[in-house]
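One-letter residues, chain by chain:
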Amino acid sequence: MAHEPTYRRVVVAFDSTRASRTALNVSANLAATLGAELAGLFIGDVNQLRLGALPFARITGPGAVSRDIDIGTIERSMRRAASEARASLERLAAGGSTPVPWSFRVVRGAVAPEIGAAADPADLIVVDETALGRAARAALSVASTSVLCLCSSAPRANEVVLIYGESASERRAIQVAARVARATGRTLTLLVPDAAQMEAAAATNAGDVAVRALSIADRRSAFVQAAMQRPGAIVVWPADHEDPETRQALVPLLEGGRLSLLVTR
Amino acid sequence: MAAPKPLRPAALRRRCNPARFRFRTTDDLKDLDDVIGQPRAVEALDFGIGIRQAGFNIFAFGPAETGLRDIVWRALSRRAAEEPTPDDWVYVYNFDEAHRPNAIRLPAGRGSAFRADMERLIDDLRSAVPAAFESEEYRARAQVIEDEVKEQNQAALQEIEQRARAENIALVRTPMGMGFAPMKDDEVVSPEVFNKLPEAEREKAAAQISALQDELQGVMRELPRLLQAAREKIRVLNKEVATYSVGHLIDSLRAKYGDVAEVVTHLNRVQDDVIENAALFRTGAEGGGAPMPGPFPPPQADLETSLRRYQVNLLVDHSGNHGAPVVHEPDPNYQNLVGRVEHQSEMGALVTDFNLIKPGALHLANGGYLILDARKVLSRPFAWEGVKDAIRSGEIRIESLGQMTSLISTVSLEPERIPVRVKVVMFGDPMLYYLLQHHDPEFAELFKVPVDFDDRMARDTTTNLLYARHVATQARGKGLKPIDKEGVALVIEESARLAGDAERLSTLTREVSDLLAEADYRAGARNAKTVAARDIRAATQARQRRSDRIAVRMREEIERGTILIETDGARPGQINGLSVIQLGGFSFGRPSRITARVRVGRGQVIDIEREVKLGGATHSKGVLILSNFMAARFSEDTPMSLAASLAFEQSYGGIDGDSASSTELYAILSALADAPIDQGLAVTGSVNQFGEVQAIGGVNQKIEGFFDLCLARGLTGRQGVLIPKSNVKHLMLREDVVAAAENGRFHVYPVETIDQGIEILTGMRAGRRRARGAFPPDSVNGRVVAKLQEFAKMRKAFASSGDGAAKQDNGNGA
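Chains as they are written, first to last, in our numbering: chain A, 1 to 265; chain B, 1001 to 1814.
In case anyone wonders, no lab produced these hints; they're calculated from the structure. Watch out, some of these pointers could steer you wrong.
Label pairs and their computed distance ranges (CB to CB) [claimed, not checked]:
1. B/Q1228 - A/S97: 36 to 46 Å
2. B/R1165 - A/D120: 31 to 41 Å
3. B/N1168 - A/P113: 17 to 27 Å
Using N, Cα and C, we set each Cβ at its ideal position, and we do this for glycine too.
Using the sequences and the accompanying hints, generate a full structural model.
Right under this line is the structure:
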């Protein structure tokens, strides 16, 4: 068994678009499960501020109605969003059976770089793709630590899925996946491309989390296929699996709101 | 005609000879299955129960003590057991008009099965519908539809975004909407940088952004249409899935109840409704989230409330019943008869649905018999109208009194009317029957079968034996000890006493039943295994003692001289009359002193009771009759110059009836003839215009009342009572009175005419007219004539003295 990964903080990031209740809940549970601090990171998107400062700034809102907008309105909406996010975080941190230590920070800048800059290797970053969109997906690449990109619009599934392997990064990924499964109340599904490892995979110790080992024929495409058949699952992916083809295959799943992705580092 | 002799003791109480009975105790007798002494009622009842035509409902009337209710109940139960069990009735939701629940008829016993089946169906729906919507197949198909919309929308947005990016313009998402801004190196350019751009570039960017904005508006306008189309697809999918999940559940019920078309129709509507409202099951299954806190949570159309519409309200359940129902409604108010719609409080408002419809007695008795107490029905507001309406229309209409009287217009339920076929059997006093016949024109149409219960039956050797079997049946039925034949004989005599007639037996079975119970108690007290005559006798005496406080009090006051009644000596113009006082179920005879005073006058007999309005009409009639008797007998050719006054001394409570008219006549004759009346005698009997003495009621109580007074003062051997001869057949006197007569210490004289009576009372001859029309001068009648002639002369002398009043009197005649 590899050395069990530890996280000092669970950093949940959001901007002013809307605070993700799913991301907040998952983050609070993870923080409690991991014994980590729950750190809120509110990013005031510089692009929104610049839009508001332009002389012809207009937005089209619900109902297809267009109207002028100014930087004051953008800033007020950001302040209100930050305030609401902080209140939600505080409430969640104090509301569990064991209160979780928490912090909250507001920054301004581009979302993905700010996420990358705010986290250190001892952090687990949680973002919601439904809320942050392209920036969330970008964070998967730019961050130097593990990133869980949730898709809160995906149907609720009951699984955390990853490929079983016995390298250090894969073992670490299994450990992280087990904790995420415990924090989110899911089972752990190990997809085993090597038939010889089936027994070991089935014997994986994940504490009180149910573990299921499934044999797959091909390491990459079968994995993608299995992930596609499990909409709403959290797919765990060690960052050192440099496999552009696979990663490319996962992008539409992310963008389609079909699954959540945890990249472990 | 000679004065009659006192009656022989055997005539005072017609004995029942136990030696004629061939049984030893009532254990030797078989039960009597038939109703005793009510042949007319039983025949009418059989007819009323048997006939099926409309309007032949039954009104049974007679004294309650006859046990008519039990007789009716037994007759109906016997008949009902042979009849088919009627159908069950249920109320179900009306999917077209919720406030008008539908009534469905099912064969007996299948109503409860239908209710249970629907409960099971609801349980199944609770799990089957959500399960269908949670299936992988449904999720996949729904996801495809959602993805389709999302992809179409995102594709359109991505297309705009990509074209914008190609022109170095970024699509920026904000909480309030989306906008476009010039971009450089994947970042929106700052205002400072933008403002430094040449004006042409700025204008170009502004124009590009304006065009993109228009396109974006177009895409966003399209979104609702896409969503609408998606919703329609989801709705079709939901219907398909719900139909699949519900159909097979309801199919089995449709097959099971295929023979009841209304049930099948209802099941079809249930299926349609479940499919239409499938989302409700999914919401319910997901729990709907935490309830809103606070004292006033908003009302929610939760799943359980909505599922009530699929329930079945089993109104009438005949499962386990055999035969037609026989229902007695002890509290026949309007709602208890026709049913009611109950309400329950919800958020301070009263709400209801078809599940809260409660049956009335008419529903429960439908197809059978409904027994009602007429007095109660008539005393409950609108209950009588409710009964008549149901019989007349052949339907039961459930509505509140408020609705019925149009006092309340609140929207409530209007349950579908249920056809009713019920035989209504009302029972009550004869007076109620006659009043309804007289005052309610519908009564005769709706209650065509009168069942008239008699309070007495003939007494002879055959009926004595029947009565003995009736006593045996009663004793066994109540778990009493057997009664020996002497006891039975005494019960029969008491029954005759109860009937007030030596030739009749009482059919007031409850009275006899109570007597048997008390006698059984007394036999038990002396550890006897059978009830003997002494127990019957003791019970009879004890029953009388418990009720005779007023009678004893009045007798005591006579003995103490507070009430002046003489039982010895002789006085003219004064006589002992007899009346009966009825207090509750107890009656007793009371002697009264009646006095008459005579003087010259205009031929009037003044009834003092009448003058002060203490005398009733019948009593006045008796006085007028005796006046005319006197006028006809003694003043055929001359005016009556008599003024007589009659009074019931020390009577303050009113007098009615003519049973004292002979007594009053004796008093006047005595006063006129100055013939003292023996105060040891008392008199009862009415008189007609020919001087014949006629029968009266309560003869036994009257005799016993005077006997008790004489006994208290000491029987002299000369005391007795004059009764009409036509009352002799009614004599069933107490055993102690009979014993006194046997010893010659008390006498009962049967009198046919006034002349017979006056001879017994005065000891003088009455006197008969001789050939020349005159009465013997030493007879009572002769002395009456002489006195009247004397009065006439006095009146004539008074008139000739010149007094105007006298002249006027003469002018008017007598």
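Evaluation of the provided hints:
{"no.": "1", "hint": "B/Q1228 - A/S97: 36 to 46 Å", "verdict": "holds (45 Å)"}
{"no.": "2", "hint": "B/R1165 - A/D120: 31 to 41 Å", "verdict": "holds (33 Å)"}
{"no.": "3", "hint": "B/N1168 - A/P113: 17 to 27 Å", "verdict": "holds (20 Å)"}
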